[in-house]
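Fit the two chains together into the complex; they arrive one by one in their own frames, and the hints show the way.
Listed below, chain by chain, are the residues.
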Amino acid sequence: MIRFDNVSKRYATGHEGLSNTSFAIEEGQMAFLTGHSGAGKSTLLRLIGCLERPTRGQVWVNDRNLNKLSNSQIPYHRRDVGMIFQDHRLLHDRTVFDNVALPLVVAGASPNEIKRRVNAALDKVGLLHKERSMPLTLSGGEQQRVGIARAVVSKPKVLLADEPTGNLDPELSKEIMELFMEFNRVGVTLLIATHDIALILSMSQRIIKLDKGRIVADGWARK
Amino acid sequence: MKSKTRNEKPNFISIWAMRHAQTAVTALGRLLLNPLSNGMTLAVIAIAIALPTTLYVMIDNVRGLSDEWQGASSISLFLKTDIDETQARAIAQRVAALDSVANTQLITKAQALEEFKERSGFGAALDLLKDNPLPNVIVITPNEASSTPMAAKQLLSQLKTLREVDSAQLDLEWVQRLEAITDLFIRGVLVLAALLGAGVLLIVGNTIRLEVQHRHSEIEIMKLVGATDRFIRRPFLYEGLWYGLLGGIAALIMSIIALWLLSGPVEQISGLYNSNFALDWLSGEAFLLVFFGSPLLGLGGALLALIRHLRMIQPD
Numbered sequence: 001m002i003r004f005d006n007v008s009k010r011y012a013t014g015h016e017g018l019s020n021t022s023f024a025i026e027e028g029q030m031a032f033l034t035g036h037s038g039a040g041k042s043t044l045l046r047l048i049g050c051l052e053r054p055t056r057g058q059v060w061v062n063d064r065n066l067n068k069l070s071n072s073q074i075p076y077h078r079r080d081v082g083m084i085f086q087d088h089r090l091l092h093d094r095t096v097f098d099n100v101a102l103p104l105v106v107a108g109a110s111p112n113e114i115k116r117r118v119n120a121a122l123d124k125v126g127l128l129h130k131e132r133s134m135p136l137t138l139s140g141g142e143q144q145r146v147g148i149a150r151a152v153v154s155k156p157k158v159l160l161a162d163e164p165t166g167n168l169d170p171e172l173s174k175e176i177m178e179l180f181m182e183f184n185r186v187g188v189t190l191l192i193a194t195h196d197i198a199l200i201l202s203m204s205q206r207i208i209k210l211d212k213g214r215i216v217a218d219g220w221a222r223k
Numbered sequence: 001m002k003s004k005t006r007n008e009k010p011n012f013i014s015i016w017a018m019r020h021a022q023t024a025v026t027a028l029g030r031l032l033l034n035p036l037s038n039g040m041t042l043a044v045i046a047i048a049i050a051l052p053t054t055l056y057v058m059i060d061n062v063r064g065l066s067d068e069w070q071g072a073s074s075i076s077l078f079l080k081t082d083i084d085e086t087q088a089r090a091i092a093q094r095v096a097a098l099d100s101v102a103n104t105q106l107i108t109k110a111q112a113l114e115e116f117k118e119r120s121g122f123g124a125a126l127d128l129l130k131d132n133p134l135p136n137v138i139v140i141t142p143n144e145a146s147s148t149p150m151a152a153k154q155l156l157s158q159l160k161t162l163r164e165v166d167s168a169q170l171d172l173e174w175v176q177r178l179e180a181i182t183d184l185f186i187r188g189v190l191v192l193a194a195l196l197g198a199g200v201l202l203i204v205g206n207t208i209r210l211e212v213q214h215r216h217s218e219i220e221i222m223k224l225v226g227a228t229d230r231f232i233r234r235p236f237l238y239e240g241l242w243y244g245l246l247g248g249i250a251a252l253i254m255s256i257i258a259l260w261l262l263s264g265p266v267e268q269i270s271g272l273y274n275s276n277f278a279l280d281w282l283s284g285e286a287f288l289l290v291f292f293g294s295p296l297l298g299l300g301g302a303l304l305a306l307i308r309h310l311r312m313i314q315p316d
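Chains as they are written, first to last, in this note's numbering: chain A, 1 to 223; chain B, 1 to 316.
Keep in mind that the hints are not guaranteed to be accurate.
[As the list claims (entries may be wrong)] Simulated restraints on C-beta separations:
| # | chain 1 | residue 1 | chain 2 | residue 2 | range |
| --- | --- | --- | --- | --- | --- |
| 1 | B | Q22 | A | L69 | 43 to 49 Å |
| 2 | A | M181 | B | W16 | 36 to 42 Å |
| 3 | A | K68 | B | A198 | 49 to 55 Å |
| 4 | A | M134 | B | L192 | 46 to 52 Å |
| 5 | A | N112 | B | L28 | 24 to 30 Å |
| 6 | B | L262 | A | H92 | 49 to 55 Å |
| 7 | A | S8 | B | A194 | 50 to 56 Å |
| 8 | B | L288 | A | M134 | 43 to 49 Å |
| 9 | B | W16 | A | R132 | 52 to 58 Å |
| 10 | A | S37 | B | L202 | 52 to 58 Å |
| 11 | A | E178 | B | F12 | 19 to 25 Å |
| 12 | B | R311 | A | M181 | 36 to 42 Å |
Because the hints were derived from the structure by calculation, they are not lab data.
A virtual CB, placed ideally from N, CA and C, is assigned to each residue, including glycine.
Next up, chain B with everything else stripped away, as it sits in the complex (with noise of 0.2 Å):
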C-alpha cells in the first residue's frame, strides 16, 4: 500500500507548477474575495492604461489620414498666359506620358473662368473684364511611386523647367504640417503613457504594501516555521500580475467602448466631407502591448514594494 502511494508521488516539476498554479488561484480569488476595494484599484489602473491607448489609437488614425491625403497630393501646373487651349492640351498629354505621373486633368481658362465666376460672387463683376486673365492649369496627380513628399518635390523641380510652364505649386506643406502636429501629439502621448505606467506601478506597488501589512502576522509566522523570502514573496506577486492583467484588460474594454462611441460621429464627419474614412481600431501590436504590458507593470510595482517591506517583517 505504502509503497504504491509512493509511486504515484508527483515528480518535482510537476508539484512545482502545481504550487505555482495554486498560489496563482489563491492569490486570485484572494482578489476577488474584496470586489469593492479592489475592483476600485482595477478601475483606477485600467483607467491609467485606457487613456493613452485610446489617445494613441486617436493619433494614429489621425496620421493615417495624413497620409492618406499625401498619397493624394496634386501639383498644379500654371501655364503662361499665351499658351492656348490646344497647345495646353499637347503639354497635358507630354506630361501625362511621364512616368512618375498617374493623371493629368486641363482646366482651360474658359472653365476656370466659369468656375471662378460661380463660386467667388463676382459674376457681374468678372463680365466687364474684355480677356480671360486666367491661366490654363494642369492639374497633376504623381503616381504611387512619386507621392511621397521627397518623391513629389523632384517631379516638381521637373516640371518648372518646362518652357511653357509660368509656375508650379505642390499643395502638400499643410499636410507636412498636419504630420509634424501629430508626430508632436504622438510624443505627447508617449511621455502621458509612461507617467501613467509609473502611476499603475506606484498604485500596484503601494496596494501590495498594504496587503503586506494588513498580513504582518501571517508572514511573521511563516518565516518561523522556515518559509524562504521567495516563497513569501510569490503570492504577492502573483496578486501584482492579476492586478497588472485584470487591469490590462479593463482598459482594453474600455479603449474599444471609447472608440466605438467615437466611431458614429467620425463616420459622420467624414460622411459630409465625402470621405470614406473610418476610424480604425487598435492595432494588433498596441494590443499585445496592452495585454502583456499591464501584467508586467503589475509585477514590477508588487516587486518594488516587496524588496523593501518584507525584510522589514522580522520574526519575533
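Just chain A, with the same shape it has in the complex (with noise of 0.2 Å):
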C-alpha cells in the first residue's frame, strides 16, 4: 500500500529531512512511526500526503507512483489519504459538521450523500450530539475526535495520522489509538507517527524508528 524506494528529502536549509530510506507497508497493516523530533517522522508523512516531494528515490502509495503525478493530480491523490495532525487544523468558524464534511464538499458529493457520511463518521467518533458545535468550545480530545472524523468521512485507504495524542493525557490517548485500531480491522492501512513509546509498546504493532532521517529499527513489539 505504501512503498519507500531509496527515498532522500533535502531541504532547502541543506537539512536532510529523510536520507536513503526503504520500507513498505502493506494493504491493511497498521505501523508507528517512532523517533526524537526531527528524526524525519512528519517528512516521511508529509511525503506520502504529497505535500512534499522527495529529492531522490520513490515514493509508491496505492500503486500510483508519486513522483509521476503532476500538480493538478495531487488534490484527488490526497482524497485517497485521511490526515491527522496535532493541532487538528480545523476551521474556527465553522461548525463541527461542516468542518467533517469538507473533504466530501471538496470532492462534490450530493447533500443527502454529505449527510449520511457525516453523521457516520461522527457517530463513529462519538460525537453525534456536538455536530452543530463549534470547535473551539469541545475539548482537545473532542477536536481531535472532529479531527478524525473528517480524516476518515471519504472512507480513504490510507490513513495518517501526526502526533494525534501529543496533547492529549494518557486516558484520552488510549481511547484515541483504539478508535485508529477499530479503523484498522476495517481494512484501513494506518501509518500512526507518534512518540508516546508507553503508549506503543502496549499495543503489539509493527514499529518503524527513525534517528536522523533513517530507519534504526522496523520490527514488532512484544507485551
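What follows is the structure, encoded as C-alpha cells:
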C-alpha cells in the first residue's frame, strides 16, 4: 500500500529530512513511526500525503507512483489519504458538521450523501450530538476526534496521523488509539507517528524507528 | 428506504449548478457581512466606472447637438449689387426648385438695411448714405440629403457658378470645429475609461489578494483534504464578479443621478437659446456595456490576484 524506494529528502536549508529510506506497509497493516523530534517522522508522512516531493527515490501509495503525479493530480491523491494532525487543523468559524463535511464538499458529493456520511463518521467517533457545536467549544480530545472524523469521512484507504495524541492525557490517548485500531480492523492502512513509546509498546503493532532521517529499527513490539 | 434516497439523488449537472449558486450566494453574503470596508471598496469601483460613463454621455450629447446644427446648416448667397429685388425673387424661386434645396428665403437690400440699422446702432450714420450698399441675400436651407458637409459643399460650389451670384458662404465651419473638439473629448474619455478600468481591475485584484491572505489557513486546510485549485478559486472569482456587478450598478445609479442634476440647468440654457434641446440619457449600448463590462472587470481582477497568490499557499 505504501512503499518507499531509497527515498531522500533534502531541504533548501541543507537539512536532510530523510536519507535513503526504504520500507513497505502492506494493505490493511498498521504501523507506528517513532523517533525524536526532527528524526524525519513528519517528513515521511508529508511525502506520503504529497505535501512535499522527495529529492531522490520513489514513493508509491496505493500502486501510484507519486513522483509521476502532476500538480493538478495531487488533490485527487489526497482524497485517498486521510490526514490527522496534532493541532487538529480545524476551521474555527465552521461547525463540527461543516468541518467533517469538508472533504466531501471538496470532492463534490451530493447533500444527501454528505449528511449520511458525516453523521456516520461523527457517530463513529462518538460526537454525533456535537455536530452543531463550534470546534473551540470542544475539549482537546473532542477536537482531535473531529479531526479523525474528517479524515475518515471519505473512506480513504490510507490514514496518516502525525502525533495524534501529542496534547492528550494517557486516558484520552488510549481512546484515540483504540479508535484507530477499529479503523484498522475494517481494512484501513494506518501509519501513525508518535513519540509516546509507552503507549505503542502496549499495542503489539509494527514499529518503525527513525533517527536522523534513517530507519534504525523496524519490527513488532512484544509485550 | 435506502434505494429511495438513491433515486432522489440529483444528477451531476444539477449538483454542479447548485454548488455554483451556493458559492455565488455565499460569496455575496461574505461581501455584505462587512458592509463598511466592502462598501468603501464598492464606492471606489462605482466612482471609477461612473466618471467616464457620465462624461461620455455628456459629450455624446454635445456631439448629438452638433449633428443637429449641421443638419440646420444654411448657405448664404450674396447677389451682385446690380440685381434688383424682382430679379432676386426670380433667382430665389429658381434655386428653390433645385432638388437638393429644401427652401429659400430672400432678404432684400431694404430689409437687410433696416435690420442692420436696428441692430448695429449706426442708424443715424446710415441715414446719411445715398445708396443702400448692401446686396440682396438668399438664405438657402439644403434638404436633408444635402445637409451633410460633403453634399452641402457640393451644393455651394454649384450655386457659386450662378451668373448673378457675387459670393456664397456655407455656415458650417464652426460646426466642424465643434465636432473635431467633441471627437477629441470622446477620445479623452475613452482613454480615461481605459485607465479607470485598469484601476478597477487593480482595486478588485488587491481586495481579493487581501481576502486570500486573510483566509490563508482555510485554503491550506482545503488543500489538505483534496480541494482542487479550481474549487478554491471559485468563491473568490464570484466575489470579484459581485464587486464588479454591484460597483457597475452603483455606477449606473450615480450617472443617472448626475445627469438628472444636470438636466435642469441644461434645459434652462437651451430654453434661453430658443432650443428644445434636452439632455439624452444613457444610451442602451452604454448601459449594457457598463452592466456587463463591470462584472467582467471584477472577474479579471480576481483572476489576476488568484493566479499569483493561490499557488503560493501550500499546506505544511
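Results for each hint:
1. Against the hinted window of 43 to 49 Å, the Cβ-Cβ separation of Q22/B and L69/A comes to about 30 Å, which falls outside the hint.
2. Under the hint 36 to 42 Å, the C-beta atoms of M181/A and W16/B, about 39 Å apart, fit the expected range.
3. For K68/A and A198/B, the hinted distance range of 49 to 55 Å is not satisfied, since their beta carbons lie about 42 Å from each other.
4. Taking 46 to 52 Å as the suggested C-beta distance range, the pair M134/A and L192/B conforms, at roughly 49 Å.
5. In this structure the supplied range 24 to 30 Å holds for N112/A paired with L28/B, their Cβ-Cβ distance being about 25 Å.
6. About 52 Å separates the C-beta atoms of L262/B and H92/A, a value consistent with the hinted range of 49 to 55 Å.
7. Roughly 53 Å separates the CB atoms of S8/A and A194/B, a value that falls within the hinted 50 to 56 Å.
8. Between L288/B and M134/A the CB atoms are about 45 Å apart, so this pair conforms to the stated range of 43 to 49 Å.
9. Distance hint for W16/B and R132/A: a CB-CB separation of about 28 Å, inconsistent with the stated range 52 to 58 Å.
10. With their beta carbons about 45 Å apart, S37/A and L202/B fall outside the hinted range of 52 to 58 Å.
11. As the Cβ distance of E178/A to F12/B is approximately 39 Å, the hint placing it in 19 to 25 Å is violated.
12. The hint said 36 to 42 Å for the Cβ distance between R311/B and M181/A, and at roughly 39 Å that hint holds.
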